[in-house]
Structure formats: C-alpha cells, structure tokens
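Novice: Residue strings, one per chain:
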Amino acid sequence: MRNLLIFISKYNAFFLFVIFEIISLVIMVNYNSFQKATYIESSNEITGAAYDKVGQVRGYLSLGTVNDSLARENARLRNLLKSSFYLDTLQKKNIVDSIYKQQYSYIVAKVINNSVNHRNNYITINRGSKDGIAKDMGVICGSGVVGIVVNTTDHLANIRSVLHKDTRISAMLADTKDIGNFLWSDNLDPHSGLLVDVANNVKPRMGEWVVTSNLSSLYPAGIPIGRVSSLQSKEGGIFLNMDIKMAVDYSKLEYVYVINNRMALEQTQVETGRKKDD
Amino acid sequence: MIRILLINLLRFIALVFLQVFLLKNLSLYDLSTPYPYILFILLLPFQTPNIILFILAFGLGITIDAFYDTPGLHAASCVLLAFVRIFFISITVQKDGFDNEPDPTLGAMGFRWFFMYVLILTLIHHFFLFNLEVFRLSEIQYTLLRFVLSSAFTVFLMLISGLLFFRRKER
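Chains as they are written, first to last, in this note's numbering: chain A, 1 to 278; chain B, 1 to 171.
In short, the hints are calculated from the structure, not lab data. A portion of the hints provided could be inaccurate.
Examples of chain B residues toward chain A, derived with CB under 8 Å [said to hold, decoys possible]:
(1) Leu-23
(2) Lys-24
(3) Ser-27
(4) Leu-31
(5) Val-79
(6) Asp-103
Sample of chain B residues with no beta-carbon within 12 Å of chain A, all distances over it, derived [claimed, not checked]:
(7) Phe-12
(8) Phe-17
(9) Leu-26
(10) Ile-62
(11) Phe-115
(12) Gly-162
The structure displayed is predicted, hence computed values, not measured ones. Where is the CB? At the ideal position from N, CA and C, for every residue including glycine.
Turn these sequences into a full structure, and let the hints guide you.
Specialist: Here you go:
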C-alpha cells in the first residue's frame with residue numbers, strides 16, 4: 001500500500017493528466033453525441049451576456065450594410081403586396097380565403113456571436129425559448145439558409161451554422177427540381193459548399209440556383225443556398241457532385257429569421273411511424 | 001506571492017479576452033487560426049505544483065470552450081499541453097541551480113530555449129486540437145495544412161508578445 005502511494009506520488013503528473021483528460025473527453029463526447037444541454041457554451045448567462053455587449057458595439061459598425069439589405073428585402077416584399085399590382089378588371093369582390101392555413105411563421109433575431117473559420121461553426125442569437133424558439137427549428141436570413149437551432153435558454157439560442165461538418169441539407173436545383181444533399185466542403189472556405197448525391201442523368205447549368213427542397217421539415221421549399229459554380233465529374237460515379245458558391249456571406253450575418261414550422265411535429269411523427277412499420 | 005497571483009490573473013483575463021473577442025474572428029485564407037491563449041499555461045512559474053497546473057489548464061480550456069461552443073475540445077488540448085510542459089521542463093531545466101526561481105519567459109531563459117519551448121508545446125497542442133476537432137481521417141491533408149500554418153501563426157504571435165514584454169533577468 002505504501003509502495004503504491006509512493007508510486008502514485010512519484011508519477012503524479014501522469015495520473016493527473018489521465019484524470020483531467022478523461023474528464024475533458026467525457027464532456028466533449030457527451031455534448032457531441034446527444035446535443036445535451038450543458039452550461040459550457042455561448043448561450044449560457046455569462047458568455048451570452050459578454051457576447052451580447054460586444055455584439056451591441058459591433059452592430060453599430062455595420063449599420064450601413066444592414067440598412068441596405070433590409071431596404072432591399074422591404075422592396076422585394078413590397079413588390080408582392082396586392083396594392084402594388086394594377087388591377088385590370090373593374091369588378092371587385094372580397095373573398096375570405098380559407099384555402100390557406102399558415103404553416104411557417106418567422107421570428108426575427110439579432111446575431112450576437114458568429115464564427116466562420118472553424119471546422120464546426122456556431123451562431124448565437126438574442127432570442128430564446130421565451131420568444132418561441134425551440135430546438136431543431138430552421139434558421140434563414142434575407143439571402144439564404146443559415147442553420148438549425150441546437151440549444152435554447154430563456155433569452156438566447158445557439159444555432160449550428162451551415163458551416164459545420166455535420167451539415168446535410170436536402171437541396172434541389174431550382175430549374176429542374178432534381179434532389180441532392182448540400183454539404184459544407186472540407187477546405188473550410190465559407191463561400192463554397194458541395195451538392196452531392198444528384199442523379200447522374202441530370203444536366204445542371206453553370207450558375208443555376210440551388211435551393212432548399214420540399215422534403216425537409218426545417219425549411220420551406222425554395223430558400224436559396226447558392227449557385228452551381230463548377231462540376232466535379234468523378235469517373236464512373238453513380239452520383240453527380242458539384243461545387244456551390246454560397247448565396248449568404250456568413251461572415252457578415254446581422255439579422256436572421258428563425259422558422260417555426262407548425263407541421264414539423266406532424267411530419268416527423270408520420271415519418272417515424274412509417275419507419276416502425278418497415 | 002500576491003504579485004505572482006495578480007500577474008497571472010491579469011494575464012488569464014487579458015489572453016481570454018484577446019482570444020475570444022479579437023482572434024476568434026481572425027483567419028488567414030481560411031487556413032490559419034491562431035490560439036495564443038495557451039501562453040498563459042506556458043508562462044506559469046516553474047514551481048507551480050502539478051495539481052494546480054492541471055486545474056488551471058483545465059479551467060482555461062473550459063473557459064475558451066464556453067465561448068467557442070466546443071465543450072471539452074480546448075480543455076482536453078490544454079490538459080495535454082500541461083502534461084507536455086511538465087515533461088519538457090523536467091528534461092531541459094535544472095531547477096536546483098537557481099538562486100531565485102525565474103519564470104519561463106524570454107528574458108529569463110534566453111531566446112533559444114524559449115523558442116524551442118514555445119515551438120514544441122504549440123505543435124503538440126495544435127496537432128491534438130485540430131485532429132480532435134475534425135476527427136476524420138478523410139480530411140487529413142487539410143487538417144495537417146491548417147495545423148502547420150496555425151502553429152506558425154501562434155508561435156509568431158507568442159514570440160512577438162515575448163519580445164514586447166521583454167525584461168532581462170540575471171540567472
């Protein structure tokens with residue numbers, strides 16, 4: 001027993017190393033595999049508050065570009081208004097339209113923390129579960145797809161950015177409606193991604209828009225992701241892969257919209273029910 | 001004693017602040033991201049007990065993790081760094097020869113020793129960090145490229161800070 005104690009105290013550095021290394025790795029594996037709520041992340045009270053303060057200062061520096069993008073989006077939305085169309089019949093009738101039922105609603109939020117230069121990037125926004133944000137909601141901005149909510153606290157939420165190694169978004173070519181999967185490329189370029197698993201007979205056009213498909217429960221169909229920038233032809237492959245130039249400049253995100261899909265729960269329920277039957 | 005505590009506390013806060021609010025947003029050609037916050041562990045005094053060293057390394061790593069949203073990643077790398085530091089110091093420094101124990105700084109230990117110290121420890125820390133972060137063998141060429149370029153950037157920043165706070169001490 002005494003010898004054991006002497007042995008341990010002589011090589012105490014090694015034993016301490018093993019203990020602390022195991023603690024760190026357990027924390028890491030737990031967080032990665034189950035997406036559990038831990039306190040070690042940027043939406044907890046201390047780090048969240050710090051990022052919020054710095055974000056307020058930084059917000060002033062980019063007011064110009066934000067104003068521009070908001071004005072552009074306003075103009076686009078104004079174009080969709082009924083009042084901006086010229087009515088060419090004289091007959092008018094008011095119809096209570098009961099065909100439509102709202103499926104998607106949007107919550108606007110401000111980005112207070114963001115990164116683009118890691119393999120796995122996360123975004124923190126200043127809206128949380130009190131504002132109606134929940135886990136697994138999709139996030140977009142004015143010009144395209146941003147990510148998915150992974151964690152919320154009362155007033156903050158944490159978003160897994162599209163710039164993440166586990167990103168896999170169901171996407172389609174806008175013109176031909178051919179389905180594929182969108183990934184972030186492994187060279188860590190925040191301006192380019194990959195569209196993979198497209199059927200081999202498809203003939204994509206250079207510069208064609210790639211948008212979200214109608215298969216996903218996260219995003220409405222047709223949210224832009226990027227444009228086809230080059231085709232990678234692997235010899236004899238079953239599937240076609242292509243490079244995408246991203247539509248969103250992720251380093252300049254200021255305001256994002258969190259999508260609340262009111263039928264997401266139904267969709268997942270019906271899909272898991274089908275898997276049970278198989 | 002109080003002075004050492006105060007200096008290290010200030011260094012901790014300053015390095016975390018620098019890392020999280022400035023260097024987090026910085027990357028050269030999407031490949032080189034510096035992590036000079038490990039300077040805090042490198043500059044702890046020689047006589048720091050092992051247990052304190054490991055607790056501080058773990059605490060520093062978890063603090064950085066909290067801001068980077070990567071729980072455990074930097075903590076694991078920092079704990080490895082602390083272990084390598086103990087090993088490196090035990091083979092290169094004779095502790096008995098000093099009148100007053102110096103710190104492992106550029107001024108006290110000389111450029112050659114300090115450069116090797118920073119270089120080797122940074123390489124090990126960054127190699128572990130980048131491979132643990134990606135954890136995929138299929139992307140190994142990009143990971144290694146980022147590891148080399150980021151290490152160069154980090155060592156460069158740490159040598160600059162060493163020269164900036166240069167104070168010659170007699171051994």
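Novice: Could you run down the list of hints and mark each one as holding or not?
Specialist: Checked hints:
1. Leu-23: Status violated, d = 10 Å.
2. Lys-24: This hint holds: Lys-24(B) lies near chain A, its Cβ roughly 6 Å from the closest one there, short of 8 Å.
3. Ser-27: holds, 3 Å
4. Leu-31: Hint holds; Leu-31(B) Cβ to chain A Cβ min 7 Å, cut 8 Å.
5. Val-79: holds, 4 Å
6. Asp-103: violated, 19 Å
7. Phe-12: holds, 15 Å
8. Phe-17: The claim breaks: Phe-17(B) does not keep its Cβ more than 12 Å from every Cβ of chain A (closest is about 9 Å).
9. Leu-26: Given that some Cβ of chain A is not farther than 12 Å from that of Leu-26(B), nearest at about 8 Å, it is violated.
10. Ile-62: For Ile-62(B), whose nearest Cβ neighbour in chain A is about 6 Å away, the distance does not exceed 12 Å, so it is violated.
11. Phe-115: The claim holds: Phe-115(B) sits with its nearest Cβ about 24 Å from chain A, beyond 12 Å.
12. Gly-162: holds, 25 Å
In this structure, the earlier hints numbered 1, 6, 8, 9 and 10 are contradicted, and the remaining ones agree with it.
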